[in-house]
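K.L.:
Chains as they are written, first to last, in the working numbering: chain Z, 1 to 247; chain G, 1 to 201; chain R, 1 to 86.
Just to be clear, a hint being listed does not mean it is correct.
[Stated by the list, open to error] In silico EDC-like links for lysine to aspartate or glutamate, alpha-carbon gap of 16 Å or less:
hint	chain 1	residue 1	chain 2	residue 2
1	R	Lys65	G	Asp201
2	R	Lys65	Z	Asp169
3	G	Lys131	G	Asp97
4	G	Lys131	G	Asp77
5	G	Lys131	G	Glu72
6	G	Lys131	G	Asp101
Since the hints were derived computationally from the structure, they do not count as laboratory data.
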Amino acid sequence: MAGTAVRGRLTWQVATVAGLTRETPSVCTIELEPPDWAGHRAGQHLDVRLTAEDGYRAERSYSIASAPGERLAITVERLDDGEVSPYLTEELQVGDELELRGPIGGYFVWGPNDGSPLMLLAGGSGVVPLRCILRERLRTGSDVPARLLYSARTLPDVIYRDELGRHHDGVEVNYTLTRSRPPGWTGHTGRINADLLADAAWPAAANPVAYVCGPTSFVETAAAALVGLGYPPERVKTERFGATGGP
Amino acid sequence: MSPISRGFHRRHAPEGEEGRLPPGQYLTEGFPVLSAGPTPHTPLANWTFSITRSGETKGSWTWQEFQALPAETVTVDIHCVTRWSKFDTGWQGVSVDTLLDRVEHDGRYVMAFCDGGYTTNLPLDDVTGGKAWVAFDYDGKALAPEHGGPARLLVPHLYFWKSAKWVRGLDLRDRDAPGFWETYGYHMYGDPWREQRYAGD
Amino acid sequence: MEPLDGNSIGGLLIDVFGAEMTGAIGTCGICGDTGPLAELVVYRQAPGTVVRCRVCGGILMVFVKVRSMTCVDLTGMASLDRPRAA
Chain Z
1 MAGTAVRGRL
11 TWQVATVAGL
21 TRETPSVCTI
31 ELEPPDWAGH
41 RAGQHLDVRL
51 TAEDGYRAER
61 SYSIASAPGE
71 RLAITVERLD
81 DGEVSPYLTE
91 ELQVGDELEL
101 RGPIGGYFVW
111 GPNDGSPLML
121 LAGGSGVVPL
131 RCILRERLRT
141 GSDVPARLLY
151 SARTLPDVIY
161 RDELGRHHDG
171 VEVNYTLTRS
181 RPPGWTGHTG
191 RINADLLADA
201 AWPAAANPVA
211 YVCGPTSFVE
221 TAAAALVGLG
231 YPPERVKTER
241 FGATGGP
Chain G
1 MSPISRGFHR
11 RHAPEGEEGR
21 LPPGQYLTEG
31 FPVLSAGPTP
41 HTPLANWTFS
51 ITRSGETKGS
61 WTWQEFQALP
71 AETVTVDIHC
81 VTRWSKFDTG
91 WQGVSVDTLL
101 DRVEHDGRYV
111 MAFCDGGYTT
121 NLPLDDVTGG
131 KAWVAFDYDG
141 KALAPEHGGP
151 ARLLVPHLYF
161 WKSAKWVRGL
171 DLRDRDAPGF
181 WETYGYHMYG
191 DPWREQRYAG
201 D
Chain R
1 MEPLDGNSIG
11 GLLIDVFGAE
21 MTGAIGTCGI
31 CGDTGPLAEL
41 VVYRQAPGTV
51 VRCRVCGGIL
61 MVFVKVRSMT
71 CVDLTGMASL
81 DRPRAA
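Build out the structure end to end from the sequences listed, making use of the hints.
P.N.:
Structure follows, in structure tokens:
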């Protein structure tokens with residue numbers, strides 16, 4: 001079908017599933033080959049649409065996990081009472097078709113032209129667009145100082161653990177576990193609060209730009225805590241995911 | 001043309017029960033929470049249910065008075081305009097007939113009004129004759145706030161947006177006027193068996 | 001189900017406005033609060049999508065899909081300025 005590009009409209013396209021990687025017991029990264037991908041910016045998302053034989057449709061949004069220029073990938077967390085995520089994380093196979101459209105988003109985006117120190121706060125699967133930002137920072141050779149504070153329930157729930165490591169390439173990565181304390185754990189425990197951020201976040205005087213992503217309740221608390229530390233509200237960008245699956 | 005997503009499907013009605021599902025509906029296992037705004041939390045000490053007419057209160061019950069009214073247990077199928085249906089849901093509530101019997105009332109329509117500002121309109125005939133309740137228990141337990149607790153309207157023969165959550169009363173009217181969703185394009189009546197989802201259906 | 005924010009309706013906003021709008025600046029017609037649409041409170045689990053002011057809770061936008069048409073009500077917004085192209 002010839003694609004008539006209507007300026008400004010997003011058109012659905014049928015991508016092929018090219019790879020599946022299990023990141024954690026409930027999280028899967030899906031690599032996709034769309035026929036006509038225009039590229040994206042770090043932080044954007046795409047919409048996925050499933051159609052059943054009886055015509056029933058379900059649509060969901062997923063943050064793009066891959067940096068611009070890499071093979072397109074999304075990372076999906078299986079929600080127990082979900083309708084789409086169990087399908088994507090357990091049923092989908094390499095070679096299947098997946099209808100998608102994107103990229104979408106212009107507010108929660110980062111590019112290397114922003115020279116501010118980067119403060120990233122991730123709650124559960126909220127780490128996905130932030131990992132994308134870090135990959136873009138690396139890919140473009142940006143040397144802005146970056147800190148990631150990643151809140152997860154337990155260590156096995158940490159997505160991209162090998163990739164994120166502890167500190168690497170000028171990125172300081174700190175974790176806080178909210179539901180467990182493994183033996184010998186030297187990281188933080190408990191939910192993000194003002195004290196933890198006073199320790200792990202850039203001071204406001206450094207004029208950082210912050211990206212906070214995760215379940216709504218996580219974002220409200222974490223973003224408010226940053227503002228409490230002196231971050232101007234317009235320097236704290238937020239993206240709220242559907243609840244459950246968070247810390 | 002969207003491709004069919006291999007292996008993706010919704011739950012169908014059990015064999016032999018297909019006739020129980022109105023057109024265009026699917027069975028759900030859970031009980032989806034749909035909301036247009038934050039969940040209100042009115043303390044029971046402040047809760048009242050009122051029947052009003054032209055700015056006058058015709059009858060009003062506090063929570064205690066309401067609990068003292070004869071209540072009924074009903075098991076009904078419910079159908080949401082977003083296409084999910086749920087069979088055999090169990091409720092306990094006071095029949096709207098019980099409430100209206102206790103006040104002098106006239107009018108041909110009602111506008112249900114609720115905490116949070118939600119409203120929905122119904123013909124008086126559709127909330128009387130054993131067709132509607134103010135329900136405070138679901139599935140044997142107190143109705144949870146996200147499902148409309150402490151009490152919601154229950155009008156199972158119409159799409160579930162008419163079963164207004166956090167209901168605080170019924171305003172009697174002579175003329176039908178659109179409530180919240182009706183104002184935004186949904187059907188004034190909402191019969192799931194005639195698939196009256198949107199204005200003009 | 002907790003509400004989301006304006007990021008979650010990015011695709012819907014493109015469908016309706018023909019442009020990326022999460023960075024557009026809106027002004028609440030009730031309390032005057034101003035900010036990007038991305039930061040508004042979005043209730044999607046409903047017969048329609050309801051977008052509310054984060055400060056006063058007033059309804060700013062309602063989107064209802066009526067058959068194949070999206071009906072948009074913006075009466076709660078005092079103003080809406082499209083973002084400058086990035």
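K.L.:
Now tell me if each hint is right for this structure.
P.N.:
Taking the hints in turn, this is what the structure says about them:
Distance restraint check for lysine 65 of chain R and aspartate 201 of chain G: the Cα-Cα separation of roughly 14 Å lies within the 16 Å cut-off, and the hinted pair is therefore satisfied. Between lysine 65 of chain R and aspartate 169 of chain Z, the direct Cα distance comes to roughly 47 Å. Violation of the 16 Å bound is thereby established for this hinted pair. Among the hinted pairs, lysine 131 of chain G with aspartate 97 of chain G is consistent with the structure: their alpha-carbon atoms are about 9 Å apart, no more than 16 Å. Between the alpha carbons of lysine 131 of chain G and aspartate 77 of chain G the distance comes to roughly 13 Å, so the proposed pair stays at or under 16 Å and holds.
Under the criterion of a C-alpha separation no larger than 16 Å, the hint pairing lysine 131 of chain G with glutamate 72 of chain G is consistent with the structure, at around 12 Å. A C-alpha spacing of about 14 Å is found between lysine 131 of chain G and aspartate 101 of chain G, which places the hinted pair at or below 16 Å, so the restraint holds.
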